Amino acid sequence: MDLSRAGDPESFFAGSIQPLVFISVFAYFGEPSGRRFAVDRFWYSQDEQSARRGSNVFKKTPVKTVEKSVVREYAEAIIIALLLAFFIRTFVVQAFKIPSGSMIPTLLIGDHILVNKFGYGVKNPLSGATWFAVGDPQRHDVIVFKYPENPSQDFIKRVVGVAGDRIEIAGKKVFVNGETFVEPNAVNLDTEVLPSPRDNMEPITVPPDSVFVMGDNRDNSHDSRFWGVVDLKAIRGKAFMLYWSWDSENFTVRWNRLGKIIP
Numbered sequence: 009m010d011l012s013r014a015g016d017p018e019s020f021f022a023g024s025i026q027p028l029v030f031i032s033v034f035a036y037f038g039e040p041s042g043r044r045f046a047v048d049r050f051w052y053s054q055d056e057q058s059a060r061r062g063s064n065v066f067k068k069t070p071v072k073t074v075e076k077s078v079v080r081e082y083a084e085a086i087i088i089a090l091l092l093a094f095f096i097r098t099f100v101v102q103a104f105k106i107p108s109g110s111m112i113p114t115l116l117i118g119d120h121i122l123v124n125k126f127g128y129g130v131k132n133p134l135s136g137a138t139w140f141a142v143g144d145p146q147r148h149d150v151i152v153f154k155y156p157e158n159p160s161q162d163f164i165k166r167v168v169g170v171a172g173d174r175i176e177i178a179g180k181k182v183f184v185n186g187e188t189f190v191e192p193n194a195v196n197l198d199t200e201v202l203p204s205p206r207d208n209m210e211p212i213t214v215p216p217d218s219v220f221v222m223g224d225n226r227d228n229s230h231d232s233r234f235w236g237v238v239d240l241k242a243i244r245g246k247a248f249m250l251y252w253s254w255d256s257e258n259f260t261v262r263w264n265r266l267g268k269i270i271p
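Residues in the sequence shown are numbered from 9 upward in steps of one, following this note's numbering.
What the hints contain is simulated information worked out from the structure, not anything from laboratory work. Note that the structure is predicted; figures quoted are calculated from it, not measured. Among these hints, one or two may not hold up.
List time: in silico EDC-like cross-link candidates among lysine to aspartate or glutamate, alpha-carbon distance up to 20 Å [unchecked claim]:
#1 Lys180 to Glu210
#2 Lys268 to Asp255
#3 Lys241 to Asp217
#4 Lys181 to Asp198
#5 Lys241 to Glu157
#6 Lys181 to Asp144
#7 Lys241 to Asp144
Please build the complete structure, drawing on both the sequences and the hints.
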C-alpha cells in the first residue's frame, strides 16, 4: 500500500449553524413590532418612544422619520445577531463537515458534527492560550485540532495517549503504558502488516501539554504515527454530536445518524 495515501489529510469546512443562529435572532429582534422595550429605552428619547408605541402626541411625525427608525431597528438586529453568532462560533460551539474516511466507522464522509469549544476551557481565539481551564483531553476523546504541519487545516482524531503516556505499536496492536489500548470503535480493514510507523512503531513518551492521536480507521489515517503529537494549544474542541449526515453516493440523508452522540 502507498503510505502517502494511507490517510489523506482531512480539511474541515465550517458548517452552517451560524446562519441558523442569525436567522433566529433576526426573526425575533428584527420585526419592528415594539417588543424591544429595553433597546428602545436605551436608543430612543422619550418622545421617540411615545411615537413608536402609537402615542397621539406624534401623529404628525413625518414619514421619513418613521422610515429611518425602522431602518435603525433592523440595523441593530443585524449587529446583535452577528455579534451573537461570532461569540457562539468562537467560544461555545462550531459546526464542521467530515470530508474523509479516517474516522470510519465512528464518523462517515458527509457527516456534519458539532464541536464543544469550551469543553477543555475558554481559549484565546488567536494564540490558543487557555484563559479559563476546565480540564484536559482524556483518552478516547474525539477532538478537532489544527494540523501541526499546516495549521490552516483542521483535523479530527481520537486521543490515544496523554502527557506522560508511553505509546507503542506492534503488529497493528496499540499499547499504552505496556497495556493493550482497547478502543471499541477502532477498526483494521487491511490484513497486511506494514513496517513502521503505521503498524509497528517504536515506543515514545507523550511530552507535557500534548496528546497522541489516531484515526479510528487505523489503516487509513494520517495521524500522530506519522507526524507526532498535538499541542494542547492547537485543540479547537471536543466533537460531541452529529446534526446532519448526507450520503453523496446514494444522494440521500442518513436519517438514523441525526442527533447521534459521538462515542
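Comparing the hints with the structure gives:
1. About 12 Å separates the Cα atoms of Lys180 and Glu210, which keeps this hinted pair within 20 Å; it holds.
2. At most 20 Å may separate the alpha-carbon atoms for a hinted pair to count; Lys268 and Asp255 meet this at roughly 16 Å.
3. Between Lys241 and Asp217, the direct Cα distance comes to roughly 8 Å. Compliance with the 20 Å bound is thereby established for this hinted pair.
4. A hinted pair counts as satisfied when its Cα atoms are at most 20 Å apart, and Lys181 with Asp198 qualifies at roughly 13 Å.
5. Taking the CA atoms of Lys241 and Glu157, the gap is near 14 Å; set against the 20 Å cutoff, the hint holds.
6. Only pairs whose Cα atoms come within 20 Å are accepted, and Lys181 paired with Asp144 is rejected, the gap being roughly 25 Å.
7. Using a Cα cut-off of 20 Å, the hinted pair Lys241 and Asp144 holds, with the two alpha carbons roughly 11 Å apart.
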